[in-house]
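So the protein sequences, as listed, match chains D and Z.
Mapping of the first sequence onto our numbering: residues 2 to 265, in sequence order.
Mapping of the second sequence onto our numbering: residues 4 to 360, in sequence order.
Just so you know, these hints were derived from the structure itself, not from any lab.
Values in this document were obtained by computation on a predicted structure and should not be read as measured data.
Check each hint, because a few of them may be wrong.
Derived SDA-like pairs: lysine to any residue, alpha-carbon spacing no greater than 20 Å straight-line [what the hints assert, rightly or not]:
(1) D:K56 <-> D:Y228
(2) Z:K77 <-> D:W177
(3) Z:K77 <-> D:R182
(4) Z:K77 <-> D:E167
(5) Z:K77 <-> D:Y228
(6) Z:K297 <-> Z:T338
(7) Z:K77 <-> D:N175
(8) Z:K77 <-> D:P176
(9) Z:K77 <-> D:T164
Now the in silico label distances, taken between C-beta atoms and shown as ranges [claimed, not checked]:
(10) Z:T57 <-> D:L253: 30 to 36 Å
(11) D:T26 <-> Z:E119: 58 to 64 Å
(12) Z:S165 <-> D:T96: 36 to 42 Å
(13) Z:E119 <-> D:R163: 26 to 32 Å
(14) D:F89 <-> Z:K110: 37 to 43 Å
(15) Z:R15 <-> D:F89: 21 to 27 Å
(16) D:F119 <-> Z:K110: 52 to 58 Å
(17) Z:R15 <-> D:R90: 16 to 22 Å
(18) Z:R107 <-> D:L253: 38 to 44 Å
(19) D:N8 <-> Z:P91: 31 to 37 Å
(20) D:L253 <-> Z:A169: 45 to 51 Å
(21) D:A159 <-> Z:E198: 51 to 57 Å
(22) D:L65 <-> Z:R15: 56 to 62 Å
Glycine included, C-beta positions come from ideal geometry on N, C-alpha and C.
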Amino acid sequence: MGRWALNGAAGLALGFILLPLIFVTWLAFFRQEIPSFPPEGYSLRWFAAIADERKFVDGFFLSLRLGVLATLIGLAVGVPAALCLARFRFPGRETLGSLLLLPLVVPGVVLGTSMYVFHVEAEHALDMDILGTFLALLAGHSIVVIPWVVRLVTASLAGFDRTVEEAAQNLGANPWVTFFRVTLPMIRPGIVAGALFGFVTSFGNLEMSLFLVGPGRTTLPIAILQYLEWRIDPTIAAVSVLQILLIGGAMLVTDRFVKISRVV
Amino acid sequence: MARLLLDHVSKRYGDFHAVRDVTLEVADGEFVVLLGPSGCGKTTTLRMIAGFITPTAGSVHLGESDVTTLPPWKRNAGLVFQSYALFPHLSVAQNVAFGLEMRRLGKADIAARVAEALRLVRLEHLAGRLPRQLSGGQQQRVALARALAIRPDILLLDEPLSNLDAKLRQEVRVEIRELQRQLGLTTVMVTHDQEEALTMADRLVVMNEGAVRQIGSQRDLYERPADRFVAGFVGRGTFLEGRIEGPGRFRTEGGLVVRCADGAAGSAVLALRPERLEIAAMPLAGVDNSLPGKVEFVSYLGAASDVHVRLSPSDRVIVQIANRGDGFTPEIGATVHIGWSAAAARLFPAGSVGHDA
Chain D
2 MGRWALNGAA GLALGFILLP LIFVTWLAFF RQEIPSFPPE GYSLRWFAAI
52 ADERKFVDGF FLSLRLGVLA TLIGLAVGVP AALCLARFRF PGRETLGSLL
102 LLPLVVPGVV LGTSMYVFHV EAEHALDMDI LGTFLALLAG HSIVVIPWVV
152 RLVTASLAGF DRTVEEAAQN LGANPWVTFF RVTLPMIRPG IVAGALFGFV
202 TSFGNLEMSL FLVGPGRTTL PIAILQYLEW RIDPTIAAVS VLQILLIGGA
252 MLVTDRFVKI SRVV
Chain Z
4 MARLLLDHVS KRYGDFHAVR DVTLEVADGE FVVLLGPSGC GKTTTLRMIA
54 GFITPTAGSV HLGESDVTTL PPWKRNAGLV FQSYALFPHL SVAQNVAFGL
104 EMRRLGKADI AARVAEALRL VRLEHLAGRL PRQLSGGQQQ RVALARALAI
154 RPDILLLDEP LSNLDAKLRQ EVRVEIRELQ RQLGLTTVMV THDQEEALTM
204 ADRLVVMNEG AVRQIGSQRD LYERPADRFV AGFVGRGTFL EGRIEGPGRF
254 RTEGGLVVRC ADGAAGSAVL ALRPERLEIA AMPLAGVDNS LPGKVEFVSY
304 LGAASDVHVR LSPSDRVIVQ IANRGDGFTP EIGATVHIGW SAAAARLFPA
354 GSVGHDA
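Can you make the complete structure from the sequences, with help from the hints?
Written out as structure tokens, the structure is:
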């Protein structure tokens, strides 16, 4: 009886999550321009229409570039940070740990506004172009990637047996070699998962990016929003389906190397 | 293989003396066991030999060279960790090859030496497995093979058997010892298990509170313990507190007068071995001491029984009786007589640090 109730509740929740995805996917294949039920027929024309819309193509490549670079920066900062947090005891350690996770809980709008104000002030003080530049946008995206890397790498370090590192040193590996041959491979699940989630967060980020983009520099989520302001045809749905496929594919590939359910 | 010398080695953490002035020489091919309760400094000593801890004072010599300040990766010591510390992401063969790759050996050499090391521990057939696919005993043998593959100057074993079940432990003891002899490995092992220490060692080092209490063979430690701690830690001891009154006269706290070997007058402890005490229903003739007492407790242990006998309000001894099926087994409350010869007892000055087994 309890089991039925539990399964029912789980199914309901799952349906609640999946229903919009299913509808969007369905919609992407409708033939008519104005979404209405039932569909008049099915076609792939909206997928073809994406390629004609420059803003989507440019937005996709900008978001991709941003996501990849922000993830690399996030790893370069987040992995050493997680190692320090997990291994050393120093004053302010807890505060630093919370600070690094903060971008996860601060609303994107707040994050965007504060960065915008900061960029304006910095531009004024330093007398150089900051606002709306690619680097400023990249800095913002790196900040939302870092917490994911820190969190997931810290999790993978939690049960780390440090005598394994001692064993490597005992066998002739100096600390440098020990790190690359033993420590890094052992925390790889956390690193891969952190990178994946960081990338997805960056790729899909809308609120913060709205404050940071400059003229001619439109990320994919913003391009979608702008398109929606004027038209509602299934092109949007087609773009969404492609995004779902990209992110879902990345998850599946990652899951082959690292069981995501183990690290999140 | 090489000889090891610890020369007046100490390690202090602030006011805490983890290891105090340890001097020890281990000959080429010798198997020495550091034995002591937890916190006695034996593991710290082992880690100083491996190079994970730098001594506060004294020096460590391996073969002809002084390695006191050499980092672990520059020493040629093979350490088997208590937790095995296998590389979880590498196969058995890759684990064993690790130290050889660090020594930049050629591929063919590495393959040959990995195969040789795995053959020594009879794990050739599991070379491709990951550590988590192995049983505890197999993991332990991989750890041993990994340490042996580098042909270390010295083999260090840190409680290597404590994670194995009792039956396997007995087998592995013998296996390790045979391998060590066959390869002529200079070996230092750390354990808190006296039976393990006694069965495996050429020589034992008994430690307590950071200091060496006695170094010697099994027989030395058992027959001639240097102090009350050793008497209680190696084998079993049962003790009578009191003072030496005159030549060959010991008066217990409870006022019993006992004949003993000569010793300096003053407070002292008389140490006896439970298995060397005689017990009978009648006073014993032909021994130096025969004292009456009342049986307070009996525990039947199969091969033997322990009988706790109260000799006076403040004196109690434990007598172990071998169970041959025909002997005298007293019951609780019975009056018995306990006897021993003066030569069977050892005298230690009182206050020599306690910790009775």
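Outcome of the hint check:
With a C-alpha separation of about 9 Å, the suggested pairing of K56 (chain D) with Y228 (chain D) holds against the 20 Å cut-off. Straight-line distance between C-alpha atoms of K77 (chain Z) and W177 (chain D) comes to about 14 Å, which keeps the hinted pair within the 20 Å bound. A hinted pair counts as satisfied when its Cα atoms are at most 20 Å apart, and K77 (chain Z) with R182 (chain D) qualifies at roughly 17 Å. Pair hint K77 (chain Z) plus E167 (chain D) holds up; C-alpha atoms about 13 Å apart against a cutoff of 20 Å.
The straight-line distance between the Cα atoms of K77 (chain Z) and Y228 (chain D) is roughly 64 Å, outside the 20 Å bound, and the hint therefore fails. For the suggested pair K297 (chain Z) and T338 (chain Z), the alpha carbons sit about 5 Å apart, so the restraint of at most 20 Å is met. Proximity of K77 (chain Z) to N175 (chain D) is assessed by CA-CA distance (about 8 Å); at most 20 Å being required, the pair is judged to hold. Under the criterion of a C-alpha separation no larger than 20 Å, the hint pairing K77 (chain Z) with P176 (chain D) is consistent with the structure, at around 12 Å.
Between the alpha carbons of K77 (chain Z) and T164 (chain D) the distance comes to roughly 17 Å, so the proposed pair stays at or under 20 Å and holds. As the Cβ distance of T57 (chain Z) to L253 (chain D) is approximately 50 Å, the hint placing it in 30 to 36 Å is violated. Take T26 (chain D) and E119 (chain Z): their Cβ atoms lie about 60 Å apart, and the range 58 to 64 Å holds. Our hint of 36 to 42 Å for S165 (chain Z) and T96 (chain D) holds, since their Cβ atoms are close to 40 Å apart.
The hint said 26 to 32 Å for the Cβ distance between E119 (chain Z) and R163 (chain D), and at roughly 30 Å that hint holds. At about 39 Å, the beta-carbon gap between F89 (chain D) and K110 (chain Z) stays in the expected band of 37 to 43 Å. The hinted range of 21 to 27 Å is satisfied by R15 (chain Z) and F89 (chain D), whose Cβ atoms lie roughly 23 Å apart. For the pair F119 (chain D) and K110 (chain Z), the beta carbons lie near 55 Å from each other, so the given range of 52 to 58 Å is met.
Taking 16 to 22 Å as the suggested C-beta distance range, the pair R15 (chain Z) and R90 (chain D) conforms, at roughly 21 Å. About 40 Å separates the C-beta atoms of R107 (chain Z) and L253 (chain D), a value consistent with the hinted range of 38 to 44 Å. Look at N8 (chain D) against P91 (chain Z): about 36 Å separates their beta carbons, and that is inside 31 to 37 Å. Taking the beta carbon of each, L253 (chain D) and A169 (chain Z) are about 47 Å apart, inside 45 to 51 Å as hinted.
Range check, A159 (chain D) to E198 (chain Z): about 37 Å between beta-carbon atoms, so the 51 to 57 Å window is missed. A hinted range of 56 to 62 Å holds for the C-beta pair L65 (chain D) and R15 (chain Z), which are about 58 Å apart.
The structure is inconsistent with the numbered hints 5, 10, 21, although it conforms to all the rest.
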